[in-house]
Each structure stands twice: as structure tokens, then as C-alpha cells.
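Put together the whole structure using the sequences plus the hints.
For the protein sequence lines, the chains are L and H, in the order given. Residues 20 to 259 (my numbering) are what the first sequence spells out, left to right. Residues 20 to 259 (my numbering) are what the second sequence spells out, left to right.
Since the hints were derived computationally from the structure, they do not count as laboratory data. Built from N, CA and C at the ideal position, the CB exists for glycine as well. Be aware that one or more of the hints could be misleading.
So the derived list for chain L, only partly shown, Cβ under 7 angstroms to chain H, looks like this [as the list claims (entries may be wrong)]:
#, residue
1, Pro-24
2, Thr-50
3, Asp-58
4, His-61
5, Ser-252
Protein chains: 2
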Amino acid sequence: MSDTPNPDLPFLGVLGGMGPLASAQFMLRLTLLTPATRDQDHLPAVLWSDPRVPDRTAARLSGGEDPLPWLLRGIGGLEAAGCGAIAIPCNTAHGWYDGMAAVTRLPILHIVDAAAEELARLGVSRGRIGVMGTAGTLAMRLYQERLESRGYDCIVPEPAEMEALVSPGIALVKSNRVADAYAPLAEAARILKARGAAAVVLGCTEIPLGILAGPHAEIGLPLVDTIDALALSALRWAGR
Amino acid sequence: MSDTPNPDLPFLGVLGGMGPLASAQFMLRLTLLTPATRDQDHLPAVLWSDPRVPDRTAARLSGGEDPLPWLLRGIGGLEAAGCGAIAIPCNTAHGWYDGMAAVTRLPILHIVDAAAEELARLGVSRGRIGVMGTAGTLAMRLYQERLESRGYDCIVPEPAEMEALVSPGIALVKSNRVADAYAPLAEAARILKARGAAAVVLGCTEIPLGILAGPHAEIGLPLVDTIDALALSALRWAGR
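As C-alpha cells, then:
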């Protein structure tokens, strides 16, 4: 590292607030995953944390307000701030990926591609993979299509398991009750393991916050933290 | 809370990256300290995390590059993003408070005032207070002047303790070695307690990250986490 900071280095743009705890955790993990010995070695980043973005699952499944105008406002703000790429630490928001990519010249790092690279890094390069996510993410088949095109076979929780375990676990994290979220989320992961999953992708950025708040090693299979996966993807973008 | 988000609500502007771990932790604590049951209840915020800002202590004590132009660039970015107030989760940067306040119409929440409000909330309203911080913060007497005007008597670590304990502890946090930072920082706090401090203000945002990574209750006196204090001040600004 040179001692003179480069003012022209672009910022990483982080379109966040969905939820705000997940995007704060993304910033924390981005920092901790960066090889650094002083402030000046870290990545310049701008986090646009707008928790007012309408609920993505409600928009997709029950006619709720369209989040796209709010997402585009954030992208405009990140462009104006001098960002060179955009990371979005919310899986469900990737259902509007094409609409966002159509209006910006900046690359948007795709969280499902980041998760796939993390699966490969964990040595899981084919076979049955469990995917947990919001009902919106699973209904849009965000993971299923992209992972199946890479040769994986995806399984997801049954509707009754979504209703009893995954959706309540996500809601608990969104209301700051992280420790309470562990039990239902870990149970859903165990069920996917029992159905033959070789790994489980935590395909909603609230899920790792809940699962990692408890004794997650006991679940006994590789878990892909999509917050970390996206942070590693951002570091690769920055050449770190 | 109404179900219709208000697009005109101003963002909280966070001028961060000094260090990046402290400002990420600020975003995390801001979220966890907000009474909320869903994303939409949280504060919209923009974090401008620019770790390239030249070292504040080096600028003040050894003729290093002036950080003010970098700080003003961040304030301009936060103004352009639509922020209504600015919080700076770096104590030493408050040495340039007047220079920043002179160029912006936005209120800048002062971290020392936030710490004083936290001391009062903890029931410590007068008497001897220990202050830990960077050598730059202590040399600028940022805490001493503002706390003494409120009737406190401030004591700080001796130069040899700064060199052996506090400065190395801060540097360990900045290089992501949070757990290793506990022992020297806790020892410095214990020394201040032995000299009669009724509470210790952790007046550098790296210090709570190190102290809270270990068994801090054993130190046996109230510790003011300036990250939390500033987050609570921001929530008061937002009327939460």
C-alpha cells in the first residue's frame, strides 16, 4: 500500500437497509474480511441504508407497493457519491435485478453468483443443495434457476415449514430478536439436511444473523452465509 | 408508524471509515438500539465510510496530512444524499469540528456531548472521570474542556501508559485483532479506576470494540461506550 491515498479510487456502493441489521453486518464483515493493518488499507464504501423500501416479499406475493422506485433512488444516490460497483445485501431485492441493471452503468454484484462461488470454495461443486430464503425469494426461483444452471439440484423448505419456521425466524431478526431466531431457523436447516442437502445456502441476509447467534456448528453441514459471500465478492471486485 | 413510508424524511448522515470497523459497529448499534418490529420502523441513514481520511492523530501531533479536505468531501456527499444531520463515529475527528460546522448547514451531533449525556444517564453527574482516547484526542483536550465545563474532573492515562497500553490497543482494533486488544485496554481502564475515576469514557470508537471483546464487567466501573452514546444521540435527533 502506498502512503498517499488515491482520491480517485471508486467507492463500493452498498444498497442496504433491507434489513438495516443485515447491511450493518455486511459493512462489519466487509471490514473484518479485508487484509488490513490500518484504516487506510480498507475499502472506501458508501452504504445507502433505506429501511423504507417497501417489503419485497409482500410486493411479489400479495400485491404490496413496488420497491423498484425506492431501489432506483438508492442507486442514483450511490452513483452520485462516486461508487464504482453496487452490492445489495438483500437476497429478495435481487428479484428486481434486471430493472436496476437497466438504469445504471455500474456493475451490480449478484448475491446468488456470490453464494455459488462460496459453495465452490467450500468444496461443494454439485449435488443437492438446500436453499432457505424469504417466501418471495423462493417463489421467484432466484436461487433455483441460477444454481441449477451450474449443475446443483435445489431443495427448499415446504410451505408449512416456511410458515412455521423460516418466515417467523426472519421476522424475529427484523425486530432485533436475533437470539430467538436461532431455534426455528436451525430447525429448518436440519430438515433440509435430513432430505439430503450437502450444504444449505442462507439465502436471506437475516438468516445468518439468526443462525450464527446460536450453536450453528451442531447443525452439522456447511452453511453459506450470503452476507460473507457478497462481502468476499466485493473484495474480489476491488482486487483485494 | 404509518404504513406509507415518508420519502421526505431526512437521512441520518454518518461520516465514517475512521476506523471502518467502528462505523460499521455504529450502524449495527444504531439498528439494535432502535425500537422496531420491521424494516420500515428503522432510521434511513447514509454511511460515508472513507478509510482514506489521513490519520487524525498523526495530523495533530506529528505534522501528518490534514484530514479536513477529506472530511469536507464526505460532508458534501452526505448533504447531496439528502441527510438532515451528521454523526461522526470517530472521536479524534472532532478536533476538526469547527472547520466542518463552518461549511455545512446541517447539525453535527458532537460525540463528547453524547458521552456526557450517557454519563448522566448512568447516574455519574460529577466527580472524577477517566478518559481514554487516542494521543491526538487527549492532546487536543477534546474531552477535558467539554467535561470540565460540565463540572467533571478529568484524568487521562500517563504518557507511558498511552505508549504501552492505549495506543497499541487502538492499533490492534484497526488491524482487526479485536480480541488481542482487550488486555492492554482493560489494563489502562483499571489504572484509571485505581486513581479514583468513578467511570471511564472510552473516547475513541476503537476502544469499546476491544474492551467489549473481553470480560469487561470485571473492570468494575461504568464504561461509556462512545459508539452507543452517539447512536442514542442520533435516535434522539430523529425523535425515536
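Taking the hints in turn, this is what the structure says about them:
1. Pro-24: Holds, about 4 angstroms.
2. Thr-50: Holds. Min distance 4 angstroms.
3. Asp-58: Holds, because the Cβ-Cβ distance from L/Asp-58 to chain H comes to roughly 4 angstroms (cut-off 7 angstroms).
4. His-61: Holds - the Cβ of L/His-61 comes within 7 angstroms of chain H, reaching about 4 angstroms at its closest.
5. Ser-252: violated, 17 angstroms
Of the numbered hints stated above, the single one contradicted by the structure is hint 5.
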